[in-house]
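Peer 1: Sequence:
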Amino acid sequence: MEFFIKPGWRLNPNEKVVNAIVKRIEINNGECPCHNEGYDKKCPCSDYREKDICHCTLYIKE
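Going by our numbering, the first residue of the sequence shown is number 1, and it counts up by one from there.
Honestly, the hints are just simulated from the structure, not real lab data. Among the hints, erroneous ones may be present.
Claimed, not checked - Restraint ranges, calculated between C-beta atoms of paired labels, are given here:
id, residue 1, residue 2, range
1, H35, N12, 15 to 23 Å
2, Y39, E15, 25 to 33 Å
3, Y39, K16, 28 to 36 Å
4, P13, Y39, 27 to 35 Å
Just so we're clear, the structure is a prediction, and the values are computed from it rather than from any experiment. We treat Cβ as the ideally placed atom computed from N, Cα and C, and that holds for glycine.
Turn these sequences into a full structure, and let the hints steer you where they fit.
Peer 2: In structure tokens form, the structure reads like this:
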């Protein structure tokens with residue numbers, strides 16, 4: 001999986017969290033594992049890309 005890290009954000013430093021989220025993304029055929037309301041749930045979801053919200057904490061603000 002390729003990560004899309006925006007300026008001001010970084011990948012969650014907790015490797016266990018990242019691995020668990022990535023596993024769920026793979027199980028969900030690339031969709032975000034959380035119940036976000038974005039119109040595009042493909043990771044990285046539209047909420048992260050456009051609204052600066054990461055529901056699953058794969059990405060965190062610096």
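Peer 1: Tell me, in ascending order, the numbers of any earlier hints that this structure violates.
Peer 2: none
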